[in-house]
Amino acid sequence: MRIQFKTSYDHDIRLFPDRHSLIVYGALIALALVLPLLINEFYIGEVTNVLIWAIAGLGLMLLTGQTGQASLGHAAFLAIGCYANTILIEQGLPFVVAFPLAGVITGIVGGIIAIPALRLHGIYLAIATIALSILADDIIVLLEPWTGGVSGKFPDVIRLFGIEIERWTMPVRFYYLVLGVTVICTLFYRNLLRSPLGRAFAAVRDSEVSATAMGVHIARTKATAFGLSCMITGWAGALMGYYAGAFNNETFSLVISITLLMMIVIGGLGSIHGAFFGAVVVAFLPQGLSILKDSVLGSGVAIPGLETGVFGMILILFILFEPMGLYGRWLKIRIWFELFPFARKDMFRRQKSYLKTERLR
Amino acid sequence: MDGVQLLVSGLANGCVYGLIALGFVLIYKATEAVNFAQGDFMMLGAFVTLGLTNAEYLHLPFWLAAPLSIAIMAGLGYLLDLVILRHLFGQNQTAVVILTIALGFVIRFFAGAIWGHEPQTLESPLALGDVQLAGVVLGLADLAIIIVTVLLTWSLYQFFQRTKLGLAMQAASQNQMAAYFMGIPVKRVQGLIWGLSGATAAVAGILFASKGAIDPNAGLLGIKAFAAAVIGGFGSLPGALAGGLIVGVIEPFAARYLAAGYSQIAPYVLLLAVLVFRPHGLFSQVRTKKV
Numbered sequence: 001m002r003i004q005f006k007t008s009y010d011h012d013i014r015l016f017p018d019r020h021s022l023i024v025y026g027a028l029i030a031l032a033l034v035l036p037l038l039i040n041e042f043y044i045g046e047v048t049n050v051l052i053w054a055i056a057g058l059g060l061m062l063l064t065g066q067t068g069q070a071s072l073g074h075a076a077f078l079a080i081g082c083y084a085n086t087i088l089i090e091q092g093l094p095f096v097v098a099f100p101l102a103g104v105i106t107g108i109v110g111g112i113i114a115i116p117a118l119r120l121h122g123i124y125l126a127i128a129t130i131a132l133s134i135l136a137d138d139i140i141v142l143l144e145p146w147t148g149g150v151s152g153k154f155p156d157v158i159r160l161f162g163i164e165i166e167r168w169t170m171p172v173r174f175y176y177l178v179l180g181v182t183v184i185c186t187l188f189y190r191n192l193l194r195s196p197l198g199r200a201f202a203a204v205r206d207s208e209v210s211a212t213a214m215g216v217h218i219a220r221t222k223a224t225a226f227g228l229s230c231m232i233t234g235w236a237g238a239l240m241g242y243y244a245g246a247f248n249n250e251t252f253s254l255v256i257s258i259t260l261l262m263m264i265v266i267g268g269l270g271s272i273h274g275a276f277f278g279a280v281v282v283a284f285l286p287q288g289l290s291i292l293k294d295s296v297l298g299s300g301v302a303i304p305g306l307e308t309g310v311f312g313m314i315l316i317l318f319i320l321f322e323p324m325g326l327y328g329r330w331l332k333i334r335i336w337f338e339l340f341p342f343a344r345k346d347m348f349r350r351q352k353s354y355l356k357t358e359r360l361r
Numbered sequence: 001m002d003g004v005q006l007l008v009s010g011l012a013n014g015c016v017y018g019l020i021a022l023g024f025v026l027i028y029k030a031t032e033a034v035n036f037a038q039g040d041f042m043m044l045g046a047f048v049t050l051g052l053t054n055a056e057y058l059h060l061p062f063w064l065a066a067p068l069s070i071a072i073m074a075g076l077g078y079l080l081d082l083v084i085l086r087h088l089f090g091q092n093q094t095a096v097v098i099l100t101i102a103l104g105f106v107i108r109f110f111a112g113a114i115w116g117h118e119p120q121t122l123e124s125p126l127a128l129g130d131v132q133l134a135g136v137v138l139g140l141a142d143l144a145i146i147i148v149t150v151l152l153t154w155s156l157y158q159f160f161q162r163t164k165l166g167l168a169m170q171a172a173s174q175n176q177m178a179a180y181f182m183g184i185p186v187k188r189v190q191g192l193i194w195g196l197s198g199a200t201a202a203v204a205g206i207l208f209a210s211k212g213a214i215d216p217n218a219g220l221l222g223i224k225a226f227a228a229a230v231i232g233g234f235g236s237l238p239g240a241l242a243g244g245l246i247v248g249v250i251e252p253f254a255a256r257y258l259a260a261g262y263s264q265i266a267p268y269v270l271l272l273a274v275l276v277f278r279p280h281g282l283f284s285q286v287r288t289k290k291v
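In the order they appear, the protein sequences are chains E and X.
Just so we're aligned, residue 1 is where the first sequence starts under this note's numbering, counting upward by one.
Just so we're aligned, residue 1 is where the second sequence starts under this note's numbering, counting upward by one.
These are computed hints drawn from the structure, not numbers from a lab.
Treat the hints loosely; a few may be bogus.
Unchecked claim - Per the computed footprint, the stretches of chain X lying under chain E, defined by three or more beta-carbons under 8 Å from a beta-carbon of chain E, are:
| id | segment |
| --- | --- |
| 1 | 98-106 |
| 2 | 145-154 |
| 3 | 243-254 |
Claimed, not checked - Restricting the straight-line Cα-Cα distance to at most 20 Å, the calculated cross-link-like pairs of lysine to any residue (SDA-like) are:
| id | chain 1 | residue 1 | chain 2 | residue 2 |
| --- | --- | --- | --- | --- |
| 4 | E | K293 | X | M182 |
| 5 | X | K187 | E | K345 |
| 6 | E | K352 | X | F181 |
| 7 | X | K187 | E | Q351 |
| 8 | E | K352 | X | V83 |
| 9 | E | K352 | X | F89 |
| 10 | E | K352 | E | E338 |
| 11 | E | K352 | X | L82 |
| 12 | E | K345 | E | L331 |
| 13 | E | K345 | X | G116 |
| 14 | E | K352 | X | V106 |
| 15 | E | K293 | X | V83 |
| 16 | E | K345 | X | M182 |
| 17 | E | K293 | X | F110 |
| 18 | E | K6 | X | Y157 |
| 19 | E | K153 | X | P185 |
| 20 | X | K187 | E | Y354 |
| 21 | E | K352 | X | F110 |
| 22 | E | K352 | X | G183 |
| 23 | X | K187 | E | R344 |
| 24 | E | K352 | X | A113 |
| 25 | X | K187 | E | K332 |
| 26 | E | K293 | X | A113 |
| 27 | E | K352 | X | Y180 |
| 28 | E | K352 | X | I84 |
| 29 | E | K352 | X | L221 |
| 30 | E | K293 | X | V106 |
| 31 | E | K352 | X | Q174 |
| 32 | E | K352 | X | G116 |
To be verified - Cβ-to-Cβ under 8 Å is the rule here; a few derived chain X residues that face chain E:
| id | residue |
| --- | --- |
| 33 | T121 |
| 34 | L138 |
| 35 | G139 |
| 36 | L272 |
Quick caveat: nothing in here was measured; it's all calculated off a predicted structure.
All C-beta atoms in this analysis are idealised placements derived from N, C-alpha and C, irrespective of residue type, glycine included.
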C-alpha cells in the first residue's frame with residue numbers, strides 16, 4: 001500500500017498525485033505512441049474510434065460528472081462542432097485555425113443555450129436537452145444551404161502544416177492527430193479540476209445551497225460548465241465527422257446523445273478514467289456482441305435490436321450494483337488488494353437517504 | 001368546417017399524448033422520478049392486448065383481453081418497482097433517468113423479439129365505425145379515446161384528492177422520512193403507483209393501437225408525451241391532459257399552415273418556450289416557499 005504524505009495544501013492539487021502515477025501515465029502515453037507499430041491499420045482505426053468517443057465522453061463528463069447536470073442533447077453539440085469545422089474549412093480557413101475555432105463556436109453556442117437552461121434542474125434540463133437533440137436534426141435540414149441538408153457533407157482531407165491526413169488512406173496519421181487532441185483535452189480537463197473553477201463545479205454539483213454560501217456564483221458557474229463541456233464536445237464532433245467520412249442530419253441523432261450519457265455512467269461518473277473505460281465499452285460492445293452471437297447462434301442469424309437491448313441490460317445492472325461504474329469497480333479491486341486482509345464488504349455501503357420534494361420549494 | 005375537423009382529430013391524438021403524460025405525472029407525483037420508459041410501457045401494453053386478442057395469437061374476445069392486459073401491465077409495473085426501482089430508493093434523479101431509458105431499450109428489444117418489428121393492427125371493435133357529428137367525421141376509436149381519457153384523468157384526480165391511498169402517495173412524495181414516521185408504508189405505496197402507471201400505459205396502448213398500427217418503435221411517442229407533460233407542468237394530472245391536448249392540436253395545424261420542415265418542430269419549440277418562460281409548466285405545482 002502506497003501512502004501519500006501531504007505536507008502542504010499544494011499537494012492536494014498536484015497534476016499527478018505521486019511519482020508512481022506519473023510513471024504509469026507516462027508509460028501509457030509511450031504505449032499509445034508506439035501502438036501503430038504493434039497492431040495493424042484496422043485496429044488502429046478502432047482505437048481511434050475509442051479515443052474520439054473518449055473525447056466526447058470527457059465533454060459530457062465535465063457537465064454531468066463534475067457539475068451534476070444531466071444532458072441528453074450533446075449530439076446536437078457534436079453536430080454543431082462537426083458542421084462548424086467543415087464549413088470553416090470550406091471558407092478557406094486552414095485546419096489549425098478552423099478546428100479550434102469549431103470547438104470555441106460550439107462552446108459559445110452551448111453557453112448561450114445554457115442561459116435559459118440554468119433555471120432548470122434535474123429532469124427539466126434532461127427534457128429540454130432532449131428537445132434540443134430532436135430539433136438539431138430538423139434544423140440541419142432547414143439550414144440546407146450551409147449544411148447540405150439530407151444529402152449531407154463530406155469533410156475535406158486535413159492539411160496540417162503541409163501534412164495531409166485522411167482517415168481511410170492513412171489511418172495512422174489520423175490516429176496521431178486524434179491522440180494529440182485526446183491528450184490536450186485530458187490535460188485541459190485535469191487542470192480545470194485543479195483550478196478554483198473546477199472546485200466550484202464540484203461544489204455546485206454537491207450542493208447548490210452550500211456552494212452559494214461559499215461565494216460561488218451558481219448561474220455563472222453552470223453556464224461556464226455548459227460552455228466548456230460543449231467546447232470539448234464540439235472538437236469530438238469535428239473528429240467524428242472526419243472519422244465517419246460523410247455525415248448528414250441523421251448522423252448525430254438522439255441515440256448518440258443517449259449512448260454518450262450511458263457511456264459515462266458505465267465508465268464511472270466524475271472521473272477521467274471513466275470516460276475512457278466507457279468509450280472502450282461503447283466502441284467494442286457491438287463487435288463483442290456480434291462475435292458472441294455468431295458463436296452461440298451461428299453466423300447469419302440476425303436479431304434486430306439485440307445490441308441496444310443488451311446495452312440496456314448492462315446499464316441496468318451497472319446502475320443497480322455499481323453506480324460508480326467501471327472505474328468504481330477498479331477502485332474497489334485496488335483497495336481490496338491494498339488493504340488485503342482488512343478489506344470488508346461493507347466499506348462501500350451507501351448511506352441511506354430519503355427524498356424530500358423539490359416541487360414545493 | 002375544415003378547422004373543426006383538424007381540431008377534433010388533433011384532440012384525439014392529444015388525448016393519447018395526455019394518457020402517456022398521465023403515466024409520467026403519476027410517477028413524478030409519487031416518487032419524484034420520471035419514467036422515461038413510459039412510452040415503451042404504452043407500446044408493451046398495446047402488444048400484450050394484441051397478443052391476447054388477435055387471431056394469429058390467443059384470439060380472446062376483446063372485452064376480456066383489454067382488462068386482462070391492463071391487469072398484466074399493472075402487475076408488471078409493480079414487479080418492476082419491486083425488483084429494480086426499489087434499490088434506487090433515495091438516489092438522485094439522474095440514476096433513475098438513465099435506468100428508465102435503459103429499461104425502454106430492453107422493453108423495445110423484447111417486444112421486437114416476441115411480436116416482430118412489423119407494424120400490426122389490433123383487432124378491436126373500436127376500429128370499426130365512424131361517427132358523424134354535425135358534419136364532422138370522427139372515428140369510433142377517436143371518440144373512445146377522448147371519453148376514456150377524460151374519465152381516467154378525472155378519476156385519478158379524485159383518487160389523489162379524496163382517497164386515503166392517494167393522500168398517502170402525495171405524502172410519501174413530499175417527505176419520505178416523515179411519511180414513514182406517520183405510518184405510511186412508503187415502499188409499498190411506491191410499488192402501487194408504478195402498478196397504477198403501468199395500467200394507465202396499458203389503457204393508452206389499447207386506445208392507440210385501435211386507432212392505427214403499432215410497432216416496437218411506437219414507444220418513441222413518449223418523447224412527445226414529455227413535451228405534453230412539461231407544458232402542462234409535471235405533477236399536475238389535469239395539466240398533463242391539457243398539455244397533451246395542446247401538443248395534439250398544434251401538430252395538425254402546424255402541418256397544415258406551416259412550411260414542411262417547420263411543422264414537426266412546432267411541439268418542441270413550444271416545449272422550449274414553456275421551459276424558458278414558465279419552467280415548471282402552465283399548471284405548475286411549484287409554489288415559492290415563504291420563510
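Any hints this thing doesn't respect? Which numbers, in order?
2, 3, 4, 5, 10, 13, 14, 15, 16, 18, 19, 21, 23, 24, 25, 29, 32, 33, 34 and 35
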